[in-house]
Structures are given as structure tokens and as C-alpha cells.
Amino acid sequence: MTETRIDRRFASLKSEGRPALVTFMTAGDPDPATTLALLKALPGAGADVIELGMPFSDPMADGPAIQAAGLRALKGGQTLVKTLDLVREFRKTDDATPIVLMGYYNPIYQHGSEAFVADAKAAGVDGLIIVDLPPEADDELCLPALEAGLNFIRLATPTTDDKRLPAVLANTSGFVYYVSINGITGSAAPDASRVAESVARIKRHTHLPVSVGFGVRTAEQAAAIGANADGVVVGSAIVSAVAASLDSEGRATPATVPAVLALVSDLAGGVRAARKSVAA
Amino acid sequence: MTAPVQPNSYKTGPDERGYFGIYGGRFVAETLMPLILELQQAYDDAKADPAFHAELQALSTYYAGRPSKLYFAEGLTKHLGGARIFFKREDLNHTGSHKINNCLGQILLAKRMGKTRIIAETGAGQHGVASATVAARFGLPCVVYMGATDVERQAPNVFRMKLLGATVNPVTAGNGTLKDAMNEALRDWVSNVEDTYYLIGTAAGPHPYPELVRDFQSVIGTEARAQMLEQEGRLPDMIIAAVGGGSNAIGLFHPFLDDKDVEIVGVEAGGHGIDVENGHAASMTGGRPGVLHGNRTYLLQDADGQILEGHSVSAGLDYPGVGPEHSWLRDTGRVQYVPIVDQEALDAFQLCTRVEGIIPALESAHAIAEAVKRAPTMGKDKTIIVNLSGRGDKDVHTVGKLLGMDI
Ligand SMILES: Cc1ncc(COP(=O)(O)O)c(C=O)c1O
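Protein chains in written order, with this note's numbering: chain X, 1 to 280; chain A, 1001 to 1407.
If you're looking for bench data, these hints aren't it; they were derived computationally from the structure. Model, not experiment: these values are computed from the prediction. By construction, the Cβ of each residue, glycine as well, lies at the ideal position given by its N, Cα and C atoms. Hints should not be assumed to be uniformly reliable.
In the DSSO-like style, the derived pairs of lysine-lysine whose C-alpha atoms are separated by at most 30 Å in a straight line are [stated by the list, open to error]:
no.: 1; chain 1: A; residue 1: K1111; chain 2: X; residue 2: K163
no.: 2; chain 1: A; residue 1: K1380; chain 2: A; residue 2: K1260
no.: 3; chain 1: A; residue 1: K1047; chain 2: X; residue 2: K163
Counterexamples of contact, computed for chain A against chain X with all Cβ distances above 12 Å [claimed, not checked]:
no.: 4; residue: G1018
no.: 5; residue: G1065
no.: 6; residue: R1112
no.: 7; residue: E1152
no.: 8; residue: W1189
no.: 9; residue: Q1231
no.: 10; residue: V1338
no.: 11; residue: Q1343
no.: 12; residue: D1347
no.: 13; residue: D1406
no.: 14; residue: I1407
Distance windows between CB atoms, simulated [as the list claims (entries may be wrong)]:
no.: 15; chain 1: X; residue 1: A262; chain 2: A; residue 2: N1278; range: 36 to 42 Å
no.: 16; chain 1: A; residue 1: P1141; chain 2: X; residue 2: A244; range: 55 to 61 Å
no.: 17; chain 1: A; residue 1: G1400; chain 2: X; residue 2: P254; range: 49 to 55 Å
no.: 18; chain 1: A; residue 1: T1167; chain 2: X; residue 2: P166; range: 38 to 44 Å
Only chain A is shown next, with the shape it has when bound in the complex:
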């Protein structure tokens, strides 16, 4: 594949057909096409409406707890002895991750569109919890599709969703993980087109989802950029985020894309290792472009174009695709995407817990693991922002099991 020309700005996408270069688009069944066009219209209207922004801003501040802090991780910095590491504390948001940013934006859209029923897919359960939360807040019924495997490994979140009044539908198709849950949510949507809003949890899916999820998550990067300027008087040298579908990563990255001196690193789930067939979830490192879930993007697939399940110790990262904007950023070379394997993430999880007193989500631990590799190679005058996309309470069972501890 030839590298696309370097654009003047990396922030102008998508085009009006929903493409970032060759990635993105609207590859959906005809039943959904009118709905997606309707959503596009509603989003365009909302973007132009100050009342929409004001309502979102108020909810972000008083309900979600924004702005999230930019925290100097002194313990980790000392331990690694190199670049100074800052955490963008999305783990401190209401519901415990960045997912709430997107859910608040989308529930307001759903309300504007007059929809009365919310559906969502979830992997780690963080998006399911955030969806159930905003649905409860706005008094709408919510159905969450979750792979049966994930229901098992993220049990605490399943219970939270149920407490919040959501119906959790375990999906047994395929391997029972995130992609299967997404298929099932799409099936629900085509069957309930009149009243249902599909609240997608990551910056993927048919246009305009990748764009609107990115916009709602960009508050992360916008805040972090301003906070760094205020706290340190300059931009960071490097920013790092974990990439599942890519929402926390694009949210951090987007406001920095045209800051040429800021190095941007996306961390994919390397699972058992990139060389292990179907043993990882690094679609951009180990996959090739294809079409799934409404968009063209890098996918894990076999020679016949059948989608592989992928594997990661982290339920929120084991998705065989990635948001289309990341695929484009990869090809342009603006962002480097690298894999972190399960063991490295587990080590970073424990390290962060011990030296910072912060239990990170296993997803976020992948980003921390990359900082663990990079910081010691950088000068002490350099700075790194790591997106701490979520807290790790949901993962203590998984980690306990892997460490052979009895819980």
C-alpha cells in the first residue's frame, strides 16, 4: 500500500461521504441507511445548536465530573527514571472511564431525535455501564448486548448494568466477545428502527459514528492540551493511549494531530504475541484493510476475508477492527501504532498500582506499558501524557486469577 500524501491538516476528516482517505464510509444494509442519514442530519443540527453544547457542557461538569485532572505521576516517573509521565485521569470520571463522555453526547442526540429506547454493545462492560447510566438518568429503557465470554470475565460490570435498570443480553454467537455483541446490536437496530437509538461505544461503525464519537471524546485531548500548557508551559513530547475500537485514543490524539512536535503513539493489544495466529487483537499491526460493521478499516481476518476473533487479556481491547480514522492516521504515518502483549500489560497494571496507588483498567495498562518502555529512553526534561482511560476495579478478578490469587 502506498502511503497517502501528507495533508496540510490532519483534522479535516471525514469527508462528506464519511471517509478518512479510503477508510470509513457507510457499509450498511438498506434498512439502516435511512436511519444513518437521519442521525447525520440530527448530529449536524446539534453541532450548530448552542443549546446542545450548553446542555452537554453542564452534564459533563456536574454529572460526569469534568474536567478530569492531568496528574503528574511522580512515583512512576521516579521508578522509570526518564521522561516525566502525566496521567490524564479519565478513570476519575463518573462510571470510571472515558466512555461516559461519548454516552452523554449520544443520549442528548437520542433525545433530540425523539428515540425512546437505547441499545448498546459492550466488551469490558464500561460502555455498557456508561450507557445504562445515561439511560437511567434520562429515563429510557436500555438493552446492552455483551458477549457471553465477556459477561463471565466482567461480572461486576454486568451487575452494575442490571442495578442501573438495563437488560443485559449475553451473546453466544461466535466467540461471544465484542464483535459478536456488535453484530447482535445491529440486528436489534434493524428490527426496531422506529424507536431505537444505537449508542455505539467506540469511534467505529458506519459514518457518522466515528466522527461523532471522536468529537464527544475530543474533550480529553482538548483539556489535556490546555492543562499541559498551563501546568508545564509547553506541549508534551509524546502522548500515548490504548486502542480498542479507538475512542479514548482518538479523543486524546485529535486535538494534538497538527502539533507536529508531539509524538503520538497508539497501543494495540498484542495478546499472546503478534506472531501467534488469532492470538492478538492488533488489527493495524497484524491485520489488513477490510469492511466490517459499516466501515472500511484494518481488520483481523483470514485469507478468505472471514473475520478472526482476536485475543486480549483485556476485554475492552479484543475487537478485530479499529476506528477508520486510526487506519488513516496509521497509513499517513502521523501516529505510530505498536502492540503490547498481555504480560507487559499485566506487569504495568501491577507496577502502576504499587507505585502510584492507582489501579488502572487493563486497557489503560497497555498504554502505561508503552510508557514504561519509552520513558527510560527519553531525557528527564521530556514529558509524556498517558491516557488513563479507566479504573481497574472491574479487572481485579481477571488479574487475581492470572496471578493465581484467591479472591
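So that you can see chain X by itself, here it is in the shape it has in the complex:
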């Protein structure tokens, strides 16, 4: 597989000696224009990799914050095709920041897996995280995605033991997403020392970068987790910032984009401080 924007980004951050800040938001929350404005501004605020959630009516692995974001987006008429349009639009002005689409399989299955990977690649998507496609189902989407030159990023969890890890890592590319807790998005913050152990465990099985997510909300947590990981993923905190900025009808306000950017800048400071104490 040829190098992707994800590979290049993690390589360059490695030479900088700091972890990546991976930000998550839901496409179309609360409307496509807001998402596009955020996409364009996030790299400047310090996001190194952008995960864009594809809203789904039944987000079984998500907690209340991301569930609500998905509902807002769906209410606004967001579809898979519109999400790809957002990426295409973003790519007109940014050819470096990796975009990872995250979601559930059914909307992709309805679009057709082959057509989807072709359309995603053409739109400028770099990788996919599909929650309900374990390695047992690799022929559904993972293999076609890899063939098309998209990274397929797999989640590893605390229940993924050493026996199972090789199967989970086999077709994973780009990076490994370590889910730091057994739970749904937005759950309690993970314990940084246990996360460090788990990351070390995964790294014994792979050379891929390991990003850690689920439960990271603040710059301090990002710094603590980032001390031992190649990337820190923040999702629920960001979509909660979107939610808090909306008016009573759920529409975006002039405060929406600045609120998210302020949080992301803060988190970016966290990942930049992650290795300071180690280096000193």
C-alpha cells in the first residue's frame, strides 16, 4: 500500500517528538456549513488528524454526547454522500491534513462497499474507522478499502487480549486506535498509567502508531495520555462544545466555531506538553 496522508503525518510528528492531536466531530452537526468552517479552521488550531463522524440512527458504541450530535446532523439532513462532499470541499484548500471517516457499516453497505471506497478515495478521505466491522468481517469493507489505498484503522480494546491482537492488527493500517476503556464514547477518563501499559502491550505486536481515545476531555488528560501514545483522540468533549454553543432551536451561533477552536487550541497545548517533562 502506498503512503497515505496519515502515514506522513505520524512520521513527521514522530520526528517532532510529540503525539498527534486527533479531533472528532460529527459531519453535519448541526449543519454542513458549520462542519466545513470547522474543518478548515481545525488544522490551524492544532488538530493533526481529523476524524469526521458519519451520523447513524443507531450508534451503539456511542455515549449521549455523540448520539445527540448524530441526531442533530440527521435532523439537518446529513447523508453519507453529503459527508463525502464536505471532505471534497475541504481538500480544495488543504492537501496535508489527514481525514478519517468514522461510523457504522449500514450506510456504507447501502451505498455499496466498492462504490463507497472509490468515492471516499476520490473525495480525499485517507482512512476509515468502522465500529461494527471486526476482523472477522474484513471481506466486507476492509480489504476493498486497503485495495483502494485507504487506511483501515482498527479499534483495539482492553478486551482484546494478546491472543486476539494479531488478528485485530493484521489488516490494520495508518494507526491503531486504542479504546482506553471498556465502554462507550464519553465515558469516564482512563487512568494514564494503565493506558501506558496497554499501549506498550500493543506496540509489542505492531510498528504502527497507537492513538488513544475514549474519555479524554482536557489538555491535562491529553498531556498525560500523550506522554506514552502516538496520538490522543478527543471526541465527546468537542461535540459537547458544539452542543453548548447552539441556540435554543439547536442551530449554530456565531459562538459555535470559536468555542470549538478554543477547546482544540487548548488540547493542542496539551499534546505539545506531553513529552516536555520526559525530554527535560
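Given the structure of chain X, go ahead and fit chain A with the ligand onto it with the hints provided.
Chain A with the ligand alone, transformed into the frame defined by chain X:
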């Protein structure tokens, strides 16, 4: 979609990856994958263990009251004037429906696996009640997720669950019905993987659930087949069951699948009518294949693949999906799936009550409604078994309201 080749036997599925043709599988988050594999192992071990079967058999007999009777519904037969109708009386089981069959099997599995906490989803509340019942019997705490809409329309069952010591968590996400309750149960499960057993209430979900729920429910068809042979000296001409997620239906159908002369009919909830957008819950008549809740199956969904809520007067049928084995049986043509609309089910509910003195569950009333259509077109020498999956006490409020009666 091209029809799959007709197999030699319809009873060999699922394959080792959990598929019935293209349906089924294990579409779950990584956190759950090891648990599902563990469950598979535990179930395979249990199946091979005579002690497991003996314990289940004893509970079925002395606790649940099996075998359930095969009853000749003379009043209904006379009223319709055609084929002779028999009811498989799952309504007479302990807790009032077929759901107990599955719950007894699964609680024994949970016990074997050393799990100490039970979670379940419920629509009509029958599965919630059956889960709370077996949890009480085995001294395990039980949390039941139930859509807020269903909590309201099935109030008597909510109270029963609470009396049995279960915690009932109303789910407000989505429309607050069964699929939302299932999402919430799955979220609980990923958050409590160590100690928790997810007791799924229907023959759907990730492999091995569709298989093991079917196996535990197949006692319905196995008994009915033997009872018909004993009482009538021959197999029935037709068997009919209502299909929500599909557990009572697959339980009745499975033992008959290779009896080529037995016509098999599954009844989906036609709600306000199949042509009414999002107004029914007939996933096989009005939906298309997709992936939800761990399996590929027929689903009610929009063009973008977002799942629709569906509607049925019966809380136990308004699920936008269906167990994967039914999807496969539909495509092979072995089973016909047909819709019955709310009004037809309500009419059958009242008819059965009046001419048989049996108040059926609204779910079961859908199956009766299909028999009401079919029996008069068949000869008097023909026989039909209708699965009376549950009793209707839980529905009297709903029906009373719809009939404009004051309760
Ligand atoms: C009495 C009764 N029949 C049928 C059903 C439908 O479920 P299934 O299709 O799994 O049998 C229910 C569900 O709650 C029920 O309570």
C-alpha cells in the same frame, strides 16, 4: 436479488461464521467480539453436556409448565368454516408467553459462564418479565432496558418486572421503542463486560444469539409436531406464527422446515399499511437487507441506510429488523412472510376472545388474523397450527383505548 439455490435441508444453518446464506454474522464492536466468542464456546460446551440439557428439561417441565398444549380451537374453526385450527398454547407457560423458553436456556448459560449480572431489552415487556423472572429464580440482579414509549403502553409488565426485583431503565433515545432499548442494552454490555450476561430476547443479534435462541425456542415446534402426529395422526397442512424479531416463529418453524408438505407462514406487523412510509414493521415485506445489531438481515431503512422506527399496534412486533434465519428462509422461498395490519390484528384479538374465551397477546393476534384469512379458503380436512405465543392481559389497556372503552 437472485434466489439462493434450494438446499437439501433447511436445518443446517448457521455456518461456522454464523451465516444463514448472506444473513447473520457478527457485526459488533471490538469490545464485544471476545465476549461473543466466549459465549459461542460456552454454548458449544453446553450443547454437548447432558447435565445442561437435563437441568433445562427439568426447569421447562416443573417451572415453566411444559409441554404446552396443542389445543383444537373448535370455536374459531366453526366460526371460520374451513380448515381446522389448532393453537400451540405458549400463552399458558409460566410468565405468559414463549419468552420463558429462551430465558431458561440462557440463564443456565449465564450461570455456566460465571456471570453475575443479567441485562435484557424488551418491547412488549414479555421478555423483560421472563428475564426478571429467571434472574429472580437464580438470584441474579437484572437490568431491563425498555423504550419509554413501551414503558407507557405496557405498564402492567413494567410493574411485574419491578415486583420481580428488576431495575427497569426507560430509554428515551430515538422513538423509545425496542430498537432503542437494544442499543442501550448493547451500550451497557460494552461497559460491563466482566460480569454481565446479555440475555437477548429474540432470534436476532450477533452470532451465536440467533442460533441459540432458535434452539431454545425450537421446543415449540418439536412438541407441536409430535402432538399433531399423536392427536391427528399426521402433520399439519399449514403453520402460522407472528414475527417480531422472530423467536416464537423460528421456534415453531424450525422442526418443520424439512417437511415439504407443510406450508409455513410468518406474519409481520403491517401497522397502518405496507404503503405507509414508516407506518409498519414488516421488514421482510417492506425493507431491504442491511446491518444492525450485530447481524445482516432485512431492515426498515431509508435510502441513506438510516434505520426507521417502524410502527405496530403491538409493542412486541415493532422492531425494524428480523432474525437472520428468517431473512434467509424468505429468500429461499421456504417460508412465506405476509403483513397483517393493526385493524386486522385488533379484529382477530376480539374474535378469539369471544369465540374461544382466550385473550391472545396482540402479537399472537397477528398470527390468528392470518388464519382467519386462510382457513375459509382451505378444506375442512385441512389443519393449521397457529402459535399462540402469549396471552393478552398485558394488552387490555391498549385495546381498551383503541376501542374507546374506559378501563
Ligand atoms: C407474546 C409475544 N409474541 C411474539 C412476540 C414477538 O417476538 P418474537 O418474534 O421474537 O417471537 C413477543 C415479543 O415481545 C411477544 O411478547
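Consistency of the hints with the structure:
| no. | hint | verdict |
| --- | --- | --- |
| 1 | A:K1111 / X:K163 | 25 Å, holds |
| 2 | A:K1380 / A:K1260 | 21 Å, holds |
| 3 | A:K1047 / X:K163 | 25 Å, holds |
| 4 | G1018 | 9 Å, violated |
| 5 | G1065 | 36 Å, holds |
| 6 | R1112 | 20 Å, holds |
| 7 | E1152 | 21 Å, holds |
| 8 | W1189 | 9 Å, violated |
| 9 | Q1231 | 45 Å, holds |
| 10 | V1338 | 25 Å, holds |
| 11 | Q1343 | 28 Å, holds |
| 12 | D1347 | 33 Å, holds |
| 13 | D1406 | 38 Å, holds |
| 14 | I1407 | 35 Å, holds |
| 15 | X:A262 / A:N1278: 36 to 42 Å | 40 Å, holds |
| 16 | A:P1141 / X:A244: 55 to 61 Å | 36 Å, violated |
| 17 | A:G1400 / X:P254: 49 to 55 Å | 53 Å, holds |
| 18 | A:T1167 / X:P166: 38 to 44 Å | 39 Å, holds |
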